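Protein chains: 2
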Amino acid sequence: MAQPEIHNGGAEKAEVVVSFTAVKPQLVVEAPKASEAVQFYKEAFGAVETGRTTHPKRKAEQELPQIISAQLQLAGSTILVSDLADDSAPVKGVGSGLSLCLETQDVEAAVAKAVAAGAVAEGEIAESDGACCGGRVGKVKDPYGFVWMICSPSAAAKCGDAGVEA
Amino acid sequence: MAQPEIHNGGAEKAEVVVSFTAVKPQLVVEAPKASEAVQFYKEAFGAVETGRTTHPKRKAEQELPQIISAQLQLAGSTILVSDLADDSAPVKGVGSGLSLCLETQDVEAAVAKAVAAGAVAEGEIAESDGACCGGRVGKVKDPYGFVWMICSPSAAAKCGDAGVEA
Chain A
1 MAQPEIHNGG AEKAEVVVSF TAVKPQLVVE APKASEAVQF YKEAFGAVET
51 GRTTHPKRKA EQELPQIISA QLQLAGSTIL VSDLADDSAP VKGVGSGLSL
101 CLETQDVEAA VAKAVAAGAV AEGEIAESDG ACCGGRVGKV KDPYGFVWMI
151 CSPSAAAKCG DAGVEA
Chain B
1 MAQPEIHNGG AEKAEVVVSF TAVKPQLVVE APKASEAVQF YKEAFGAVET
51 GRTTHPKRKA EQELPQIISA QLQLAGSTIL VSDLADDSAP VKGVGSGLSL
101 CLETQDVEAA VAKAVAAGAV AEGEIAESDG ACCGGRVGKV KDPYGFVWMI
151 CSPSAAAKCG DAGVEA
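Sequence order for the protein chains is A and B.
Following UniProt numbering from start to finish, the first sequence increments by one per residue and tops out at 166.
Following UniProt numbering from start to finish, the second sequence increments by one per residue and tops out at 166.
To be clear, the hints were calculated from the coordinates, so they are not data collected in a lab.
Here the structure is a predicted model, which is why all the values come from computation and not from measurement.
Only true hints are included.
Reference listing, derived: stretches of chain A covered by chain B, where coverage requires no fewer than 3 residues with Cβ under 8 Å from a Cβ of chain B: (1) 17-27; (2) 42-55; (3) 68-81; (4) 97-106.
When the alpha-carbon atoms are kept at most 16 Å apart in a straight line, the in silico EDC-like pairs for lysine to aspartate or glutamate are as follows: (5) A/K141 to A/E124; (6) B/K141 to A/E43; (7) A/K141 to A/E122; (8) B/K141 to B/E124; (9) A/K141 to B/E43; (10) B/K141 to B/E122.
Not the full set, but computed from the structure, chain B residues with beta-carbon under 7 Å of chain A: (11) E43; (12) A44; (13) L74; (14) A75; (15) G118; (16) Y144; (17) F146.
For every residue, glycine included, the Cβ atom is placed at its ideal position computed from N, Cα and C.
Just chain A, same shape as in the assembly:
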């Protein structure tokens, strides 16, 4: 009973078992277009915004607050839209584009397992301020070039609690 969580016959193989609770495509757009992009996804696809986390310390000259993560509901899935910010990205070097956020309780084990399977960890596992809706985020690139942000779901509520622009 003091053993780590084991699923799907993991005991026989003595392998690390990691459970994921959600997959969220994250669309990273050139700042400050995330707000405009959110509006587009509402109009084009009927997405519903359920939360938005913005950067508290933004440059005075910026017209729009930097969107760390806007959370949209679309066809039963969650889509995240973020501004790409070179100086304040929670995990440096995320780059613009489409990545996949994978939520898990055990970020370290999940990253280690992905790396053991052939992915390449990029950067350190770090505290996030919400880009992937997670408390801690690790980034891995898989052998096919796709980027997975492995994050803890603890801060998911933060997205929901943040100012919602309806």
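Position chain B relative to chain A; hints supplied.
Then chain B, alone, in the frame of chain A:
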């Protein structure tokens, strides 16, 4: 009662209302690496393959059948993995990379609405042989560079019915 389906107060605005039933990230990899990629996602993330559609007419010299679409379940979402094939892509010019499949009953209306909101349609709406698990597929690129494959869900069962490699 003979009126078209109306949701969310669409009647007042007389706008086209389109419902989406699923969002599925589609990972398109250089052929013939899709099979290897599926194996990777199983090992790295514990994804479970629930269906695979392969091309019936493949080149004799090819060692592996072209994977039109392998359907994986991961954390309650469906992820599609496909081989990029220049000569047999159901929608030409899909390109490798990560796109988002959006399932709807009304592909034409969904594409038209996305275009009206600012997306650019790429190519014609065409019958698919399963790349996006759809009967018909239209491709649009949104103003932020992301590609959405808008497809009918009618052929979703096809993926499940196809040979499953466990």
